[in-house]
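Protein chains in written order, with the numbering used here: chain A, 6 to 303; chain B, 6 to 303; chain C, 6 to 303; chain D, 6 to 303.
Calculated directly from the structure, the hints in this document are not laboratory data.
Beta carbons are placed, not taken as given, at the ideal position from N, Cα and C, and that holds for glycine.
Just so you know, not all the hints are guaranteed correct.
To be verified - So the derived label-pair ranges between C-beta atoms look like this:
| hint | chain 1 | residue 1 | chain 2 | residue 2 | range |
| --- | --- | --- | --- | --- | --- |
| 1 | D | D79 | A | E260 | 49 to 55 Å |
| 2 | B | E258 | D | D57 | 21 to 27 Å |
| 3 | A | P126 | B | E84 | 53 to 59 Å |
| 4 | A | P126 | B | D159 | 24 to 30 Å |
As the list claims (entries may be wrong) - Residues of chain D clear of chain A, computed beta-carbon distances all greater than 10 Å:
| hint | residue |
| --- | --- |
| 5 | E65 |
| 6 | P73 |
| 7 | P87 |
| 8 | G91 |
| 9 | D92 |
| 10 | E104 |
| 11 | A105 |
| 12 | E111 |
| 13 | G124 |
| 14 | A146 |
| 15 | T148 |
| 16 | D159 |
| 17 | N197 |
| 18 | L202 |
| 19 | S247 |
Number of protein chains: 4
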Amino acid sequence: MQIGVVGLGRMGQIVVNRVLDAGHDVVAFDLSEEATAAAAGAGATAADSLEDVADRLGEEKRIWLMVPAGDAVDATLDELAPHLDGDDVVVDGGNSHFEASVRRAETVEAAYLDCGTSGGPAGADLGFSLMVGGPEWAYEAMTPVFDAVATGPDGHDRMGPAGSGHYVKMVHNGVEYALMQAYGEGFELLANGRYDLDLESVAETWNNGAVIRSWLLELCEEAFREEGTDLGTVADHVSGGSTGTWTVQEALEQEVPVPLIYQALAERFGSRDEARFSRRLANRLRYGFGRHEIVREE
Amino acid sequence: MQIGVVGLGRMGQIVVNRVLDAGHDVVAFDLSEEATAAAAGAGATAADSLEDVADRLGEEKRIWLMVPAGDAVDATLDELAPHLDGDDVVVDGGNSHFEASVRRAETVEAAYLDCGTSGGPAGADLGFSLMVGGPEWAYEAMTPVFDAVATGPDGHDRMGPAGSGHYVKMVHNGVEYALMQAYGEGFELLANGRYDLDLESVAETWNNGAVIRSWLLELCEEAFREEGTDLGTVADHVSGGSTGTWTVQEALEQEVPVPLIYQALAERFGSRDEARFSRRLANRLRYGFGRHEIVREE
Amino acid sequence: MQIGVVGLGRMGQIVVNRVLDAGHDVVAFDLSEEATAAAAGAGATAADSLEDVADRLGEEKRIWLMVPAGDAVDATLDELAPHLDGDDVVVDGGNSHFEASVRRAETVEAAYLDCGTSGGPAGADLGFSLMVGGPEWAYEAMTPVFDAVATGPDGHDRMGPAGSGHYVKMVHNGVEYALMQAYGEGFELLANGRYDLDLESVAETWNNGAVIRSWLLELCEEAFREEGTDLGTVADHVSGGSTGTWTVQEALEQEVPVPLIYQALAERFGSRDEARFSRRLANRLRYGFGRHEIVREE
Amino acid sequence: MQIGVVGLGRMGQIVVNRVLDAGHDVVAFDLSEEATAAAAGAGATAADSLEDVADRLGEEKRIWLMVPAGDAVDATLDELAPHLDGDDVVVDGGNSHFEASVRRAETVEAAYLDCGTSGGPAGADLGFSLMVGGPEWAYEAMTPVFDAVATGPDGHDRMGPAGSGHYVKMVHNGVEYALMQAYGEGFELLANGRYDLDLESVAETWNNGAVIRSWLLELCEEAFREEGTDLGTVADHVSGGSTGTWTVQEALEQEVPVPLIYQALAERFGSRDEARFSRRLANRLRYGFGRHEIVREE
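So here's chain A without its partners, still in its complex pose (with noise of 0.2 Å):
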């Protein structure tokens, strides 16, 4: 089948390479020339333009969007919106809040798929996790697209109606902070505890045959093989933190507590802060009531 890809960054990159390996024809598109063209070189068509996107597509146009989560979804949208009708699917494959999908599927002529991809950057070869939401029949013409920029068929499945594809997505996303923090308190205890120890060696030791073992579990011994066991120059600054805080946000709404997804994503916030006010405060109020000396900047 003939798929347009929209947004031509290192993901969008990856779904055309995937989509053209699986023997799909493929129109891309990047505000970016150097971008399409790339895309040209791997085999897919160039356009030079949304509307040419549209144009080559004829009749059941099926495009995949990857570009930045929030404006630039609607800006293409809106400029896709005069060539797009009811048998037309459009899939945004981005980081979307639910609720902006929500009001996409109900806005946008064409069948609207909100995609939620994970994987990152290793999914070129690997395929994807691809959690959709949107109505039945636009997942099912897509499904040999799925297939290929998934792991396979086991790695795409519709969760349900518009929005439920990026709302399983956040909730993905709120628990990989939570893993994140985790091991890496597991860590942080092992790097000060009593023994002189190996932590390459702890996680492959681990992630072979262990109740723990994981995906990020190997991303961590990875990390110890290429930074050393100490973490070398990797600096106390976690960025990010936005499908977390929606996570949280999500979770005080339905009243759900989620006190790990919570603190992981606090402990970002407190990497960012170099002199938190709380322990500030706490320094001064023990001179207070108990004239511990009060430890001040120098």
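Let chain A serve as the given structure and place chains B, C and D on it in line with the hints.
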């Protein structure tokens, strides 16, 4: 090579089978004659006492203990003591506290290896992850057996001196608690969230290519397949907790923050207490300052 | 001076009484004629509509709203609108969200003061703590009334521009949740600990000179005196949570870690859910990897 | 009555003064001759050794120890031992672990009272809160002294048998950590939030009538008054932690969840570690799965 295996419960029996399958000879003993007979049926030589185990092994004995952590280990070692000397090697494959292992390594005549064993009954087929502490020569001497019991050469390693194997296993279990709780929070939010989801499908999709894929997530998938997406009659009661408690205690000693591991442990404690006092007091205090109606038990 | 008080529930009635006691004149109105009559019995002038309130106050109206946060505030303001101009002052003494207060301050013709009110029914005798946001001149104009409603001149202050009063009150309530949970944890440990303690005696001793003495601790003391050291029939169910939720939401926006406030809120959520899904899954997973017996509901 | 006071640091000196002010006689001793002389200057009788203290007190000795918790208590008791019998009473007013107090109560010939003392240097004027464990007759015998050292008769009580006084004080301190952190989180949010607030004014307003008013909040007010609303040079480093650690350890033993107390303690640990390993690993893992740029130390 020849090895004695003492303690033939579920885990001990797996050790026996894997060592036999690798072509080694096993002298097996359990306080239960039935368990000893079962091992003999699988190809081991049955011993009828610890003394008999020692006699049959001759010089340079290699003995694997798979008895319950605690007094049983000390009782077994006391009884074996007259038969051990510095050329022998004893492995403790159970969940002993690392400080007990350090103490035993100092008092037992033989070389003593503390061996954290992870993987559970599933290790019967796949092999275990073995984290070993103790003298290097003894670890080398046992390598053929470790190769057989573990998933292979990558599934075991010497972590460091006495106690380090059980130390790393203790931390492994603390991380395990947090991982379980992290997945649980994600699924709890999905189960109570905006969409009517098939959690087995969610878990399966995640297990195929998603960042958070892991063996524990495969067990989640299995749980939803076997119990239903609402977990059926599975109760809100989590038993166990000793290794998690040890991990937090050690983190307190080392002044390392482990908020996720702590909270995962606290959730277990909370699951066993039907009416948390702290919440009952909060309920009452809201009346105290705001005249909010007190919720009473019927 | 003369002031209109609209909304004569428990808190509104206290405002009327304290303002009257300070020698001011009150025009009182409530949708309940009974409540209006009660205020009249206490010395206020009864009004039979919002229009009547406005008419009786003449120029430079000062009106205190003590109606439930949310739609009731907007409905009241809509009905008052035709009678208000820039010389008038309206105070919202309820628990409105600060963003609603900012919006109202922008749309209401009169000067608008958002006034966080803390102290609960006990404020009838002691006076309240009032955190006020809005124009300085309006705060000044209301000072005699604030003096009367608060504990005195120290019991109220202008925090800043529109919304700041309710903002500070929101954070106050978040802290309140955490303080309640902190005391609760201490008493829960004492109630389940090694000694058979009289918790009223503990609280009383602490309230006399200990570092943690506070009004909330006095309410703990009262709770144990009135309910018994085991809290009798008080249930494990904590209602409420909106201002705490707002606090955590704002902390997420500002990327400020508030782990104690979050956890105190999560405990409330947890208290309303008889069977936490995350724990049920953990129970099941322990079978998955370790064949630990699953605890089933009867 | 007559009482010996041993240990004349800041707290011991306050005990001496309050007992003298109440009209009792004091025999004072400290290893520092200067401290002993100061007590003599205040009206106490100076002793030049522990034996001298014992000699001067005669029969039915009453001795208050205010020496640092730990070895100093045992050393003092060892030296006093030959002079003590069952009619004597020894009070340990320091922060000893309750298990040490139970042990001492069993081994010391005299009646032994463990006395948790809260209030800090401010107790010089106001008196302390005293939580006492030990034999009832001994508590009765010391009542006049407790009346003098505490805020009055309500400021002390017998909690129960040996150890219970220090047990209740330990939990008091755990709660204290959590209260400090709770206020700190609120002020941290206000300091980083949407409004430019005067935190001294916030604290003062809250201290006058708000639900969360407390002595610790008065100390916050003092801190902002003395350091400025941004806390000036006060560093993000919180020392101490032993009694909080004991509280969490005991809660682990009793399987009582204390998430706020734990997290408050973890914040202290975190404040002393410039680069948290867990966060450094999370930083690196984000590169591992998403090729997010690694933040490096310069």
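Non-interface claim for P73(D), where every Cβ of chain A lies beyond 10 Å:
Label holds. Min Cβ-Cβ 14 Å, cutoff 10 Å.
Between P126(A) and D159(B), is the Cβ distance one that fits in 24 to 30 Å?
Cβ of P126(A) to Cβ of D159(B): about 25 Å, so the range 24 to 30 Å holds.
Holds or violated: is the Cβ of D92(D) farther than 10 Å from all Cβ atoms of chain A?
35 Å, holds
Chain A versus G124(D) - minimum CB to CB distance exceeding 10 Å, so not interface:
The assertion about G124(D) is violated, with a minimum of 8 Å to chain A.
Confirm or reject: T148(D) is not an interface residue toward chain A, with every Cβ-Cβ distance exceeding 10 Å.
26 Å, holds
Can you let me know if the beta-carbon spacing of P126(A) and E84(B) is within 53 to 59 Å?
57 Å, holds
Minimum Cβ-Cβ distance from E111(D) to chain A exceeds 10 Å
Non-interface label stands for E111(D): nearest chain A Cβ at 30 Å, farther than 10 Å.
Minimum Cβ distance from D159(D) to chain A greater than 10 Å, as the annotation requires:
20 Å, holds
Quick check for students: does the CB of L202(D) sit more than 10 Å from each CB in chain A?
About 12 Å separates L202(D) from the closest Cβ of chain A, which puts it past 10 Å; holds.
Beyond 10 Å from each Cβ of chain A, as asserted for S247(D):
12 Å, holds
Assertion that E104(D) lies outside the chain A interface [Cβ separation over 10 Å]:
E104(D) clear of chain A: closest Cβ-Cβ about 23 Å, beyond 10 Å.
Quick check: does the Cβ-Cβ distance between D79(D) and E260(A) fall within 49 to 55 Å?
52 Å, holds
Consistency with the previously given hints fails for numbers 2, 13, 17, ordered from lowest to highest.
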